[in-house]
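As a plain string of letters, each chain reads:
There are 2 protein chains.
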Amino acid sequence: MSGVLYGVGLGPGDPDLMTLRAHRLIAGAQVVAYPSLAGGASFARSIAAGVIAKGAREIVMDVPMTVARGPAQAAYDTGAAQISAALDQGDDVVCLCEGDPFFYGSFMYLFARLADKYRVEVVPGVTSITTCAARAGMPLAARNERLTVLPGPLPEAELRARIDGAESVAIMKVGRHLEKIRAVIGDLGLMERAMYIERASLPDEVVCPLSEAPEKAPYFSMILLTKGADPWL
Amino acid sequence: MSGVLYGVGLGPGDPDLMTLRAHRLIAGAQVVAYPSLAGGASFARSIAAGVIAKGAREIVMDVPMTVARGPAQAAYDTGAAQISAALDQGDDVVCLCEGDPFFYGSFMYLFARLADKYRVEVVPGVTSITTCAARAGMPLAARNERLTVLPGPLPEAELRARIDGAESVAIMKVGRHLEKIRAVIGDLGLMERAMYIERASLPDEVVCPLSEAPEKAPYFSMILLTKGADPWL
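Going down the list, the protein sequences come from chains F and V.
When we follow this note's numbering, the leftmost residue of the first sequence carries the number 13, and every step to the right adds one.
When we follow this note's numbering, the leftmost residue of the second sequence carries the number 13, and every step to the right adds one.
Hint data in this document are derived by calculation from the structure and do not stem from the laboratory.
You may find that some hints are simply not true.
Treat identical chains as interchangeable: a pair holds within one or across any two.
[What the hints assert, rightly or not] Calculated pairs, DMTMM-like style, for lysine to aspartate or glutamate (alpha carbon to alpha carbon, straight line, at most 25 Å):
#1 K239 <-> D28
#2 K228 <-> D128
#3 K192 <-> D89
#4 K239 <-> E133
#5 K239 <-> D128
Based on the provided sequences and hints, a complete structural model is requested.
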């Protein structure tokens with residue numbers, strides 16, 4: 013009997029925001045797998061560090077950050093082959109994913125490679141979007157309001173068109189796109205509605221109005237724009 | 013010293029998808045508060061039932077389901093007054109919220125009434141959106157893809173305009189709007205990309221292609237549409 017592949021969302025960073033199911037699966041895992049970026053530390057592993065059992069085998073997928081797809085695809089191919097070998101031996105494999113596995117998560121690439129051949133269970137996690145909203149004290153959407161989620165790397169004209177006329181907007185992966193996004197929001201006259209959140213739920217979290225955001229944003233940063241939801245008083 | 017008001021997301025329904033922080037706060041709470049709809053049972057309380065301490069005081073907000081806003085506003089006013097009284101006595105109050113408190117959650121109405129006067133901490137929870145994606149095996153968004161979240165009660169013309177040209181779409185609160193939404197998706201030629209999910213993560217969960225969805229949908233139902241994300245193989 014093959015093992016089961018678990019794609020486990022770890023939440024935004026604070027280990028306390030992991031689900032009970034994620035905690036139990038990780039604590040009981042004999043094999044864990046996770047990506048690390050360009051030879052650096054793995055954020056996913058750091059969230060789960062206090063839970064991974066001593067002696068668990070760790071499959072690390074070192075994903076290079078290149079514009080060309082080939083090197084990253086090769087890293088996922090290699091990782092999928094190592095995971096397959098463990099599953100074929102009958103071991104379950106718990107794949108660690110920051111946030112939620114199916115929401116801008118790298119687990120999708122393993123799912124695409126392995127879901128046809130093995131039993132896979134995806135365990136959803138708390139996303140950065142609702143964590144940022146909680147930390148900024150900004151309700152995202154009520155009643156019949158719409159929410160638009162946009163990645164910061166989109167071209168300026170597309171960001172402008174998608175933000176204009178939207179209700180609540182969450183802009184993910186701000187990073188080096190901060191200046192472009194700030195200019196668009198300023199041009200649209202929405203600056204006073206925008207909050208900037210960096211590394212939500214972590215000890216070095218930053219939460220401030222976008223107008224006061226730092227010059228440089230890390231990859232794990234977000235901008236939230238809301239209409240200032242009707243508080244329904 | 014006043015107590016602290018916690019708005020705690022419980023996740024989509026399976027108590028195992030509660031966060032560690034939610035679990036600890038609820039287990040330690042001497043006062044919990046939650047809404048129930050129109051005199052019925054409280055879904056939020058049912059998720060937390062196994063965790064609430066014996067002897068905890070329970071503040072129930074019975075929210076009538078009327079089109080007019082007044083009766084529901086009055087229920088939140090009364091609930092906020094009861095919660096205030098407990099906070100003023102120095103008790104912490106843990107408010108139970110299905111899903112995430114700031115994502116279509118009733119906690120926003122208490123937040124609007126109490127956040128100026130008391131210390132409030134919002135604990136994010138797993139949303140139904142990523143839970144439905146996990147259960148349907150449908151990755152929601154990767155790389156620079158957009159996600160649009162729409163409530164099912166929106167007018168047909170608006171749903172059509174927002175779905176047409178979107179990438180991934182999550183339609184919440186399907187309920188009695190199922191036929192309208194199904195017609196729009198059919199007209200747009202997107203039926204084969206759409207999944208229907210009802211009561212995700214609960215024992216009586218339903219997951220099927222939208223084309224095979226039942227005639228009647230409960231309030232806690234969702235439709236997910238994805239482009240069939242590039243699996244990046």
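Comparing the hints with the structure gives:
When the C-alpha separation of K239 and D28 is checked against a cutoff of 25 Å, the pair qualifies neither within a copy, at 30 Å, nor between copies, at 34 Å. In the homo-oligomer, the alpha carbons of K228 and D128 never lie at most 25 Å apart, since the shortest distance is 42 Å inside one protomer and 31 Å across protomers. Taking CA atoms no more than 25 Å apart as the test, K192 paired with D89 passes in neither setting, with 35 Å inside one copy and 43 Å between copies. In the homo-oligomer, the alpha carbons of K239 and E133 lie at most 25 Å apart only across protomers (22 Å), although the nearest pairing inside one protomer, at 37 Å, exceeds that limit.
When the C-alpha separation of K239 and D128 is checked against a cutoff of 25 Å, the pair qualifies only between copies, where the shortest distance is 19 Å, while the shortest distance within a copy is 43 Å.
Consistency with the previously given hints fails for numbers 1, 2, 3, ordered from lowest to highest.
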